[in-house]
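Chemist: Each chain is listed here by its residues.
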Amino acid sequence: MVNTIEHTESDVWQLLSTVNDPEVPVLSIVDLGIVRNVSVHNAESITVTITPTYSGCPAMDVISMQIRLVLLEYGFKEVKVEKVLSPAWTTDWMSESGKEKLKAYGIAPPLPKQTVCKPDEFQEEEAVQCPHCLSYNTRLISRFGSTACKALYQCQDCKEPFDYFKCH
Amino acid sequence: MIIMQEQTMPAEKENAHKAKIDALLHLADDSLIMGHRCSEWCGHGPILEQDIALTNIALDFVGQARNFYQHAATLLQQLPSDMALALADFDITPASITEDSLAYLRNANAYKNHLLVELPNGDWAQTILKIFFFSSYRQMLFQQLLKNSDTQLAAIAEKSLKEIQYHVKWSGEWVMRLGDGTAESRERMLKAIDYLWPYVGEFFNCTEYEKTAFELDDTSIVLLKQAWLNKINEIFQLATLPEQTFGKWYQSGGKLGIHTEHLGYILAEMQFLPRTYPNAEW
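First to last, the sequence lines map onto chains X and F. Under this note's numbering, the first sequence has 15 at position 15, and the numbering climbs by one with no breaks. Add 1000 to the 1-based position in the second sequence for this note's numbering, that's all there is to it.
Heads up, a few of these hints could be off.
The calculated lysine to any residue pairs, modelled on SDA-like cross-linking and capped at a C-alpha distance of 25 Å, are [as the list claims (entries may be wrong)]:
#1 X/K80 - F/T1074
#2 X/K83 - F/L1161
#3 F/K1191 - F/A1110
#4 F/K1162 - X/N37
#5 X/K80 - F/T1151
#6 F/K1162 - X/K159
#7 F/K1211 - F/I1092
#8 F/K1013 - F/T1207
#9 F/K1162 - X/S95
#10 F/K1225 - F/Y1277
Pairwise CB distance ranges (calculated) [claimed, not checked]:
#11 X/R68 - F/Y1250: 42 to 52 Å
#12 F/F1272 - X/R68: 24 to 34 Å
#13 F/N1233 - X/D157: 34 to 44 Å
#14 X/K80 - F/D1194: 49 to 59 Å
#15 X/K83 - F/G1122: 31 to 41 Å
#16 X/Q156 - F/V1222: 19 to 29 Å
#17 F/P1080 - X/R68: 46 to 56 Å
#18 X/S39 - F/E1187: 51 to 61 Å
Simulated from the structure, these hints should not be mistaken for lab results. As the structure is a prediction and not an experimental result, all values here were calculated from the model. Backbone N, C-alpha and C fix where the C-beta goes; we use that ideal spot for every residue, glycine too.
Required output: the full structure, derived from the provided sequences and hints.
Modeler: In structure tokens:
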């Protein structure tokens, strides 16, 4: 019997949503918005296009390898993972469910694009909500956190420090 | 007439290609050396959060350097190999032209970074000010590159800009904090200005390869220079630091391969392993 399984693109998207970001393991690469395109050429050959969150993101190599592994396991023989830079990744591409998962994990999700993202404004602060007690009475400790994509905040009410997935 | 055009076109094309390679290596070298200097702070920052900030910035720079080197390597691979080897100015003939061979197998005099970026870190004020000067310059230059006819160069600029804006913000805030801080922080900031100012003129002393590849004419360079100075003075005013003007004399040469003694030490440290153990992987 001829194997007539069609690797539809929606199947592949489903599969890619099981690949997690190694640095923020509650988020899949689809939640994160870094998978830009899936192109199934035939039953054996596929190209997946991804974009880095930051130029120097060290997770990109691991993510490419994981994509390759999961697709090889699924039955593709020829897997190509391509990197594109433009349009540049933005936190606006993060899915709503991704934002919820982040919050449940204790990381404040990125706010929608706002004035603070403008290059010329200095000393403007965002009202970032504490993922623990939900207070908006928080302060920036450092513009840089444990990974390139996060900043460090502290809640003035519950006093807990927390990571904020910064607007980008 | 047609024959004459055919004869002149390839030479022009070759010059444009050469300018593009030189310019990409210049951008890559700037990013790599900046990233290396920032990474030297790892484990030495004044407080943990700022140590992390500098290593994050270092990572951004090294990531940007990789993008520029990769693009340069791709363009070089399309050329006849003797021409490509000459353009990249390798010290040792590499097994293949890759981002790694471009970073590790070129000598100091093939490097095209600004002199400013290779200067030792000095104290916190000097490091902050260097990042502020350089990132503000890059932000303005890369905004011009968004319209570049080389779409990959434009894409790298677009990607990098988002990171650079953050560096400008972070370093600008520190310039204000130190300039308008204690007597000592202010004193150190003033010393840092005296030390670094002679090197900023090189940003706007554009080489032929920059003008060609970045599609800049004399007017746009003057505008860039003025916009940069305005930005610096805007922040200096908030930091209660003295207003700056460009002097007649400044240090230059880095973009043409004439460096300070400091670059050799950086490269010796950075290139030792790949030169001693060719093709090592880790």
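Chemist: Please name the hints from earlier in the document that this structure breaks, with their numbers sorted from lowest to highest.
Modeler: The structure conflicts with hints 3, 6, 7, 10, 16, 17, although it agrees with all the remaining ones.
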